[in-house]
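Given next are the chains, with one letter for each unit.
There are 2 protein chains.
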Amino acid sequence: MANHPIRIAVDAMGGDYAPQDIVEGALQGARVHGVEVLLVGQPDRIEVELKKHDTQGVTYRVVPASEVIEMGESPATGLRKKKDASIIVTAKCVKDGEAQGMVAAGSTGAAMGAATLYVGRIPGVERPAIGVLLPSPSTPCLLIDAGANADCTPEMLVQFAVMGNIYMANVHQVAKPRVGLLNIGEEDGKGNVFAHQAFEALEKDGRFAFAGNVEGRDLFNGGADVAVTDGFTGNVALKSAEGVMKMFSTVLKREMKRSLLTLAGGALLKPAFDSAKKLVDPEEVGGSLLFGIKGVCVISHGGSHALGVQNAIRVAKEAIVADVLGKISDQIREGIEIHEHVSETI
Amino acid sequence: MANHPIRIAVDAMGGDYAPQDIVEGALQGARVHGVEVLLVGQPDRIEVELKKHDTQGVTYRVVPASEVIEMGESPATGLRKKKDASIIVTAKCVKDGEAQGMVAAGSTGAAMGAATLYVGRIPGVERPAIGVLLPSPSTPCLLIDAGANADCTPEMLVQFAVMGNIYMANVHQVAKPRVGLLNIGEEDGKGNVFAHQAFEALEKDGRFAFAGNVEGRDLFNGGADVAVTDGFTGNVALKSAEGVMKMFSTVLKREMKRSLLTLAGGALLKPAFDSAKKLVDPEEVGGSLLFGIKGVCVISHGGSHALGVQNAIRVAKEAIVADVLGKISDQIREGIEIHEHVSETI
Chain A
1 MANHPIRIAV DAMGGDYAPQ DIVEGALQGA RVHGVEVLLV GQPDRIEVEL
51 KKHDTQGVTY RVVPASEVIE MGESPATGLR KKKDASIIVT AKCVKDGEAQ
101 GMVAAGSTGA AMGAATLYVG RIPGVERPAI GVLLPSPSTP CLLIDAGANA
151 DCTPEMLVQF AVMGNIYMAN VHQVAKPRVG LLNIGEEDGK GNVFAHQAFE
201 ALEKDGRFAF AGNVEGRDLF NGGADVAVTD GFTGNVALKS AEGVMKMFST
251 VLKREMKRSL LTLAGGALLK PAFDSAKKLV DPEEVGGSLL FGIKGVCVIS
301 HGGSHALGVQ NAIRVAKEAI VADVLGKISD QIREGIEIHE HVSETI
Chain B
1 MANHPIRIAV DAMGGDYAPQ DIVEGALQGA RVHGVEVLLV GQPDRIEVEL
51 KKHDTQGVTY RVVPASEVIE MGESPATGLR KKKDASIIVT AKCVKDGEAQ
101 GMVAAGSTGA AMGAATLYVG RIPGVERPAI GVLLPSPSTP CLLIDAGANA
151 DCTPEMLVQF AVMGNIYMAN VHQVAKPRVG LLNIGEEDGK GNVFAHQAFE
201 ALEKDGRFAF AGNVEGRDLF NGGADVAVTD GFTGNVALKS AEGVMKMFST
251 VLKREMKRSL LTLAGGALLK PAFDSAKKLV DPEEVGGSLL FGIKGVCVIS
301 HGGSHALGVQ NAIRVAKEAI VADVLGKISD QIREGIEIHE HVSETI
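Note that the protein sequences, when read in sequence, are chains A and B.
Just so it is clear: in the first sequence, position 135 is 135 by my numbering, and no numbers are missing.
Just so it is clear: in the second sequence, position 268 is 268 by my numbering, and no numbers are missing.
Hints should not be assumed to be uniformly reliable.
Copies of one chain are not kept apart here, so a pair can be met inside one copy or by any two copies together.
Stated by the list, open to error - Result set (DSSO-like, lysine-lysine): computed pairs, CA atoms no more than 27 Å apart in a straight line: (1) 253 <-> 190; (2) 81 <-> 52; (3) 327 <-> 52; (4) 190 <-> 81; (5) 253 <-> 270.
What the hints contain is simulated information worked out from the structure, not anything from laboratory work.
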């Protein structure tokens with residue numbers, strides 16, 4: 001390991017609090033998780049941030065990139081016009097083997113585009129997918145696809161299942177992940193036409209333990225280890241859950257302020273709140289993984305602070321150490337070979 | 001009004017706590033909301049419950065039905081084999097004009113089936129849809145369809161929009177309801193193929209104020225007054241939101257028990273919690289409406305207690321008083337006439 005340090009490229013310019021929080025988080029991540037970080041972006045702005053921190057014992061390098069794709073910008077246009085954008089240079093670090101993984105907190109569309117265009121797909125993977133780890137009182141559930149592909153085929157869901165299964169087994173040490181299909185009822189035969197087709201395709205595949213249909217509530221109650229779905233449904237599920245939590249927190253804060261007793265109660269309860277909120281806090285989760293890319297790609301929340309970036313580096317490191325990509329490559333190839341073999345036999 | 005009392009038929013045998021909680025809630029609802037209730041079910045079992053309560057001043061009648069479709073039973077089989085099922089007799093009360101509305105807390109599938117088969121659709125309505133009122137810190141949002149139709153056409157979503165718009169304008173007094181399409185981004189052009197088609201159809205229709213795309217989080221932040229979607233996406237959104245709330249509450253309770261101080265905090269905070277939880281409590285909401293049926297049909301949670309049934313009667317009464325059905329009939333007919341006119345012109 002000493003001769004082959006883990007290197008993670010960080011888009012230092014992406015995100016609401018870039019570059020200050022990104023640089024700070026990257027340095028913390030490098031220190032805490034013992035990895036080397038490549039800070040990609042405008043050198044003068046990064047240097048200003050570096051001076052604010054004690055960097056002794058931290059291995060880092062500044063990789064210059066003169067342009068930035070902004071949050072509001074069209075990712076497609078940005079990627080086409082700004083060839084020296086920090087997110088492109090970050091992806092190129094992975095492509096050229098200078099880093100095994102990348103972390104990006106800027107535009108999700110730009111990060112997905114740069115990773116797909118410059119790092120490239122794992123051979124055989126039809127479409128990369130976003131996997132988000134959802135909290136539960138017991139074991140977390142990986143929701144995949146959480147928004148990369150609005151329209152999917154049943155075969156794409158099978159690949160999402162293969163990739164999610166490998167991740168949960170190898171990074172989260174789930175012995176035999178239960179892979180469920182996100183649906184509107186648990187019984188076989190539930191759902192729309194697409195869900196029926198996906199169910200059949202998932203059931204036929206032998207590379208993971210298909211646990212049948214799961215419902216929206218099972219995403220958060222330990223009812224499945226992996227929940228596969230198309231990116232439209234997955235994104236709506238994720239944002240609905242975020243929305244209701246925010247609504248409840250807003251209303252609770254308002255109600256809390258109605259009396260001194262409830263205010264005191266809120267103060268006493270703070271440690272419990274903080275523990276519970278840790279579970280749903282994007283800063284703690286660190287980021288989502290873009291599965292299916294020939295390099296580990298972690299996409300953090302646009303509003304990430306230093307802690308979020310530090311944890312994103314943890315997420316990237318875990319996937320690199322567990323060789324998630326190598327294992328995905330093998331199983332995707334296996335699927336294609338079986339498919340070709342079956343085709344030849346017929 | 002005195003000569004034409006509002007009569008609501010209640011399936012007294014449907015739900016986890018039937019008949020005891022259903023009868024109690026129906027009597028409370030009749031008293032509090034000044035309506036007459038028809039208690040449909042096995043007379044001997046209903047009579048036992050009636051004896052437990054003071055029924056003076058409450059107008060009610062027992063309507064006999066010998067059979068019950070159980071929660072676990074296939075709704076289709078139940079409806080076919082049990083012709084004297086309480087849910088069928090309840091629907092027949094509406095069909096025959098004995099009641100203007102019905103309340104059911106048993107199997108949702110059986111209630112939808114009985115309402116569709118026996119009460120029937122409003123002429124021109126392609127498919128009935130479930131509308132659920134979602135809480136927000138400001139104004140609630142009606143999510144329609146929340147699960148009746150797994151596969152939808154864009155035209156069905158237009159009808160859901162028409163029906164939801166009338167409901168929010170007339171029952172919840174929203175001056176000009178903002179009708180949004182549930183999607184995975186706010187910008188025009190976002191989403192899957194179906195969302196693009198639905199967007200176009202909704203934009204073209206002039207019977208409501210189309211507000212463009214809304215996201216999962218907008219369901220709970222006052223971002224729209226009506227959110228239309230297919231029943232698959234709507235159901236996943238609803239259950240994901242329920243799931244994350246339950247998860248958070250479980251974790252918070254666990255964390256609260258870790259120390260005496262946090263326990264004390266929890267006790268002091270209880271009034272604020274209770275107020276906030278009221279917003280998301282199905283008992284307070286009362287039930288969902290099945291839109292597109294020639295009678296008001298309120299479907300309550302299977303786990304409804306007396307308060308839930310009482311509030312379901314409120315929901316039914318509100319829709320009856322506001323003549324939601326008459327207004328929906330008119331606008332659906334209008335849509336068909338415009339469509340026919342356009343067809344003739346072309």
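Against the structure, the hints:
1. 253 <-> 190: neither (39 Å within a copy, 34 Å between copies)
2. 81 <-> 52: neither (33 Å within a copy, 77 Å between copies)
3. 327 <-> 52: neither (40 Å within a copy, 66 Å between copies)
4. 190 <-> 81: Answer is between: at 22 Å across copies they meet the 27 Å cutoff, but 46 Å inside does not.
5. 253 <-> 270: both (12 Å within a copy, 13 Å between copies)
In summary, the numbered hints that this structure violates are 1, 2 and 3.
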